[in-house]
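Peer 1: Listed here are the chains, written in short residue letters.
Number of protein chains: 2
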Amino acid sequence: MSGFGEATAVKRIGDGRYEAVLDGDYGFAEALNGGYLMAVLGRAAVDASPHAHPVSTATNFHRVAKPGPAQVLVDPRKEGRTAASALVTLVQDDRAVVDALITTGTLDAAAEPAYAGPAPTPVPPVEECTDFRPPTGEGFADKVDMRFDRTTMGWLDGQPSGSPEIRAWFRHGDGYPVDAYSLALAVDALPPVALNLGAQGWAPTVELTWHMRAVPAPGWLAVHGTGRLLAGGWFDEEVEVWDTAGRLVAQSRQIARVPRTRT
Amino acid sequence: MSGFGEATAVKRIGDGRYEAVLDGDYGFAEALNGGYLMAVLGRAAVDASPHAHPVSTATNFHRVAKPGPAQVLVDPRKEGRTAASALVTLVQDDRAVVDALITTGTLDAAAEPAYAGPAPTPVPPVEECTDFRPPTGEGFADKVDMRFDRTTMGWLDGQPSGSPEIRAWFRHGDGYPVDAYSLALAVDALPPVALNLGAQGWAPTVELTWHMRAVPAPGWLAVHGTGRLLAGGWFDEEVEVWDTAGRLVAQSRQIARVPRTRT
Numbered sequence: 094m095s096g097f098g099e100a101t102a103v104k105r106i107g108d109g110r111y112e113a114v115l116d117g118d119y120g121f122a123e124a125l126n127g128g129y130l131m132a133v134l135g136r137a138a139v140d141a142s143p144h145a146h147p148v149s150t151a152t153n154f155h156r157v158a159k160p161g162p163a164q165v166l167v168d169p170r171k172e173g174r175t176a177a178s179a180l181v182t183l184v185q186d187d188r189a190v191v192d193a194l195i196t197t198g199t200l201d202a203a204a205e206p207a208y209a210g211p212a213p214t215p216v217p218p219v220e221e222c223t224d225f226r227p228p229t230g231e232g233f234a235d236k237v238d239m240r241f242d243r244t245t246m247g248w249l250d251g252q253p254s255g256s257p258e259i260r261a262w263f264r265h266g267d268g269y270p271v272d273a274y275s276l277a278l279a280v281d282a283l284p285p286v287a288l289n290l291g292a293q294g295w296a297p298t299v300e301l302t303w304h305m306r307a308v309p310a311p312g313w314l315a316v317h318g319t320g321r322l323l324a325g326g327w328f329d330e331e332v333e334v335w336d337t338a339g340r341l342v343a344q345s346r347q348i349a350r351v352p353r354t355r356t
Numbered sequence: 094m095s096g097f098g099e100a101t102a103v104k105r106i107g108d109g110r111y112e113a114v115l116d117g118d119y120g121f122a123e124a125l126n127g128g129y130l131m132a133v134l135g136r137a138a139v140d141a142s143p144h145a146h147p148v149s150t151a152t153n154f155h156r157v158a159k160p161g162p163a164q165v166l167v168d169p170r171k172e173g174r175t176a177a178s179a180l181v182t183l184v185q186d187d188r189a190v191v192d193a194l195i196t197t198g199t200l201d202a203a204a205e206p207a208y209a210g211p212a213p214t215p216v217p218p219v220e221e222c223t224d225f226r227p228p229t230g231e232g233f234a235d236k237v238d239m240r241f242d243r244t245t246m247g248w249l250d251g252q253p254s255g256s257p258e259i260r261a262w263f264r265h266g267d268g269y270p271v272d273a274y275s276l277a278l279a280v281d282a283l284p285p286v287a288l289n290l291g292a293q294g295w296a297p298t299v300e301l302t303w304h305m306r307a308v309p310a311p312g313w314l315a316v317h318g319t320g321r322l323l324a325g326g327w328f329d330e331e332v333e334v335w336d337t338a339g340r341l342v343a344q345s346r347q348i349a350r351v352p353r354t355r356t
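The listed protein sequences correspond, in order, to chains A and C.
According to our numbering, the first sequence holds residues 94 to 356 in order.
According to our numbering, the second sequence holds residues 94 to 356 in order.
These are calculated hints, taken from the structure and not from any lab test.
Watch out, some of these pointers could steer you wrong.
The list cannot tell twin chains apart, which means a pair is met if one copy fits it or any two copies do.
Stated by the list, open to error - Simulated crosslink set (SDA-like; lysine to any residue; CA at most 20 angstroms straight-line):
{"id": "1", "residue 1": "K159", "residue 2": "R170"}
{"id": "2", "residue 1": "K171", "residue 2": "A124"}
{"id": "3", "residue 1": "K104", "residue 2": "P160"}
{"id": "4", "residue 1": "K171", "residue 2": "V157"}
{"id": "5", "residue 1": "K171", "residue 2": "P297"}
{"id": "6", "residue 1": "K171", "residue 2": "R156"}
{"id": "7", "residue 1": "K171", "residue 2": "D186"}
Take these sequences, add in the hints, and give me the full structure.
Peer 2: Rendered as structure tokens:
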């Protein structure tokens, strides 16, 4: 393992107890990225489980996680033949920073869908997209390689589209091949789609649930972000992740606080 | 309170400890309904919180809940000015039956949406829908008054539509006015939408997350169930609940095991 693999590694130090060293590059000034934290929690959950994949991850973000040492506690709640469930908690300074109910299972990489709904609006070809990275890429913008559909990024120029959609291609900046833990990162890697509704500034995620639906094929992931309702300062954001084989590999919904909306 | 209110009541017996008596009529032969259990957990979460509404509820269903006495344990994880979060557990026979991460907040009943996405396919007028209730209604079919869009119920006659959609009107059978806890029931009251894909039999919910988005207006609730992917025995189901004022009042996604699909 290297890069993303090392940055999300957990070391078992006891029954249901793990240590991690959180990498500050997977974040912005304010906080470490929630998807990155879910990847760390997912690794601990799978390590403590007889199953191979984090099929369902329901997460509450309580506090800002800081770079550096952290503990991950895995409290098994149910173990079954096809699925196991645990409460997984990220702890720093003796306080719960993130709680997640994680259900592990083992997905069959060769499974063909019995039913698949329609694909979302396609992301334009990679070469027609823009990375919006500063010339001296660093931090999160260097750890992930994202290419955005320009039509969904008008908010960057003070021209929000009015439609809560952002689409982009995603892969790791360090060449790490996409896997289950990449999906945790991908579902929380987009800028808040509410930016296209005129929302301003930081939109802290309160709760995010994501489901892994298939083992991703190698290559770019297409990430589709949308939203349904912005009211009373609460906003939902849905993300679907599709792989190069044209399969839905992850789906998420989060609810976030949107402090201010420009009207 | 009466009817649904009594059936979901919790009694505080200590710090973060509640007693409930689960009503077997809110279930089928196999198990109590998951939405009913989430309503019970939501009441305990709100009672233990400074806030008024269960804004976000992320639930893992571990075991079948039985009618009769149960304990509800509320473990506060974070308390903030606009939201508080707790791990809420339903316990029977000293075992965790259901775990939920519940975030409480206080929604403003007068809040106007800053953005609202398009409404889903409408449910036909109530008088054109069918209740499908046995002449001697009892149990769940008596506790809820549901009127189904007949075009989405072909699976009942062995003619699944091939499209994972079920639409219905919802209200309580006992006249209880719809509130936050009704929404918990409504998001898990439809038959599994995978029945329209030829799925057979019981589809146990593994995880269900729902968000309360507005205080519902009095009257019928329109319940819209859909799904995206059935693969490897896992199926997602999304439900939106809209009130008579034309507002999105709740949204959910669950992931369930689908044991068999007729091909």
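Peer 1: Please go over all the hints and tell whether each is borne out by the structure.
Peer 2: How the hints compare with the structure:
In this assembly of identical chains, K159 and R170 lie within 20 angstroms of each other by CA distance solely across copies; the values are 18 angstroms between and 28 angstroms within a copy. For a Cα distance limit of 20 angstroms, the shortest separation of K171 from A124 across copies, 17 angstroms, qualifies, whereas the shortest one inside one copy, 32 angstroms, does not. Taking the shortest alpha-carbon separations for K104 and P160, only the intra-copy value of 17 angstroms comes in at or below 20 angstroms, while the best inter-copy value is 42 angstroms. Only between protomers do K171 and V157 lie at most 20 angstroms apart by alpha-carbon distance; the minimum there is 12 angstroms, versus 29 angstroms within a single protomer.
In this homomeric assembly, K171 and P297 come within 20 angstroms of each other (Cα to Cα) only across copies, at 14 angstroms, whereas the closest approach inside a single copy is 30 angstroms. In this assembly of identical chains, K171 and R156 lie within 20 angstroms of each other by CA distance solely across copies; the values are 8 angstroms between and 27 angstroms within a copy. Within a single copy, K171 and D186 get their C-alpha atoms only as close as 28 angstroms, which misses the 20 angstroms cut-off; across copies the closest is 15 angstroms, which meets it.
Comparing the model with each numbered hint stated earlier shows that all of them hold.
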